[in-house]
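Keeping their order, the protein sequence lines are chains E and R.
In terms of my numbering, the first sequence opens at residue 3 and continues consecutively.
In terms of my numbering, the second sequence opens at residue 2 and continues consecutively.
If you're looking for bench data, these hints aren't it; they were derived computationally from the structure.
Do not rely on the hints blindly, as some may be mistaken.
To be verified - If the Cβ cut is set under 7 Å, some of the chain E residues that face chain R in the computed set are:
#, residue
1, Asp23
2, Leu60
3, Ala66
4, Ser67
Claimed, not checked - According to the in silico footprint, chain R covers these stretches of chain E (three or more CB under 8 Å from chain R):
#, region
5, 24-32
6, 76-84
Glycine residues also receive a C-beta, built at the ideal position from the N, C-alpha and C atoms.
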Amino acid sequence: MSERERHGRPMPIDRFAAILDAYGAEPPRWPTAERAAAQSLLAVSPEAQALHASAARLDRLLTASVAPAPSAAVRAAILQAAPRGIQAPPSGAVETLRGLWQALLGTLTGELGGWRPAGAALGVALLLGVAAGGTVGTQSSGTRSTTAAEESVDFVQLALFDDAYAEF
Amino acid sequence: MAIRDGNGDILGSEPTPGDRGQRSAEQGGESDPDLPLLRRIAAGDGAASAALVDRHLGRIVALGWRMLGSRAEAEDVAQDTFLRAWQQAPGWRPGGARFATWLHRVAVNLCLDRLRRRREVGLDAAGDPPADDAHPGTVLQQRAVAERVDAALALLPERQRAAIVLCHFQELGNVEAAAVMEIGVEALESLLARGRRRLRELLRGESADLMGGLE
Chain E
3 MSERERHGRP MPIDRFAAIL DAYGAEPPRW PTAERAAAQS LLAVSPEAQA
53 LHASAARLDR LLTASVAPAP SAAVRAAILQ AAPRGIQAPP SGAVETLRGL
103 WQALLGTLTG ELGGWRPAGA ALGVALLLGV AAGGTVGTQS SGTRSTTAAE
153 ESVDFVQLAL FDDAYAEF
Chain R
2 MAIRDGNGDI LGSEPTPGDR GQRSAEQGGE SDPDLPLLRR IAAGDGAASA
52 ALVDRHLGRI VALGWRMLGS RAEAEDVAQD TFLRAWQQAP GWRPGGARFA
102 TWLHRVAVNL CLDRLRRRRE VGLDAAGDPP ADDAHPGTVL QQRAVAERVD
152 AALALLPERQ RAAIVLCHFQ ELGNVEAAAV MEIGVEALES LLARGRRRLR
202 ELLRGESADL MGGLE
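For reference, chain E alone in the conformation it holds in the complex (with noise of 0.2 Å):
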C-alpha cells in the first residue's frame, strides 16, 4: 500500500505496534507519512495506549544514558589539522622577501633586455642558492628533517604567494 493510499485510513493496529517496536513512543520519531493516522489510532485504541505506554518505559530507560562531553584536546587536535589558507608569516619578512624578488626581477630583466621569463628563471635560481646558502650547517643539528632544497622552495613560494591548497 502506497503512502497516499495509506493516507486518510485506519491504521491497523499492528502497523502501529511495528512502528512502536522500530521508532519508540514519541511520535517526532515516528514515519511522517504514517504519523497522524497513528496519533489517531492512538487517541482511541486502548490496546495502543497499552502499546505506547510499554515503548515509552523502553524510552525513558535509554534517555537515562548521557555521553561525555569532547574534552578540550580532541577539539584542539581536531582544529590544529584544520584546513588553513595562506599562513601570516612573520611581520616584515613578507616585504623583505618580496623586495629581495623585485629588485632581482628588476636588475635582471634590465641587463637582459626585458626577456622576463629567462630573467625570472635565473631570478630563482639566485634565490634558491641563497637560501640553500644560508640553511647549510643550521639544519643538521635540528630536530627537523627538512632539507635545504625545501626550505628553498619554502620562501620562493613565499616570494611568489603560492596557495597551498591551489592543487585542491
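Dock chain R against chain E, hints included.
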C-alpha cells in the same frame, strides 16, 4: 563530483522529506546548513572550522562512545572523522548528501571497523570501567540506571546498536539513518525493532528497579 565516504564509497541516495523525519531528510545542496561554513573553510577561514567542529563534535563523540563504550576511542574516531572532513571540505560540492549525513556515515564506518578489529584480535568490549566515585541518593541511582542501559546497549549486535544510536540518540530521521547505514528504510526498521526487543529483554528483570531509579 561524487561524494565519497571514509572508505571511498560513493554516498548513496538522498533522504526524502520528513520533519524530524523531514528535517533530517533534506537534500544536501544549497539547503545544507553546513554549506556556508564549508565554503569559508575552503577559503582557509579558521573561525569557520571552529564553528563546524563546535556544531558536530559533541554528537560524533557521543556516537562513538555509544558504539564503542570508550571515551578515548570515541575521541579517536571523532578526530579521524574530522581529518577526513578537512580533506573533503575544500572540494565539497552541494548536490549530494548533507554534510552531517556524510559525517555520521564516516564515523559509523570507523566505529564498525574498530569493532571488527576487536573481534579479529579476540578482545572483549574495551569500554571504560564504571566510575567508582560515590554519588549520593538520586544521582547514584541515575548513574546505576545509565550504566545498566549502556551495558545492555553494548550487548547488541553492532548493526542493531548502530541503528538505535543513530535514530534514538543521534535523533536522525529514519531516511537519513538508513542512508548513513547504506540500507533501506525497511531494513532499518527491522534492525531497530530487533534491537529494541533485545534491549527490553536485557532490561526486563531490572525494569522495576531501574524505573524506580528514575522516579
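Going down the list of hints, with the structure as the test:
no.: 1; hint: Asp23; verdict: 4 Å, holds
no.: 2; hint: Leu60; verdict: 6 Å, holds
no.: 3; hint: Ala66; verdict: 4 Å, holds
no.: 4; hint: Ser67; verdict: 5 Å, holds
no.: 5; hint: 24-32; verdict: holds (count 6)
no.: 6; hint: 76-84; verdict: holds (count 7)
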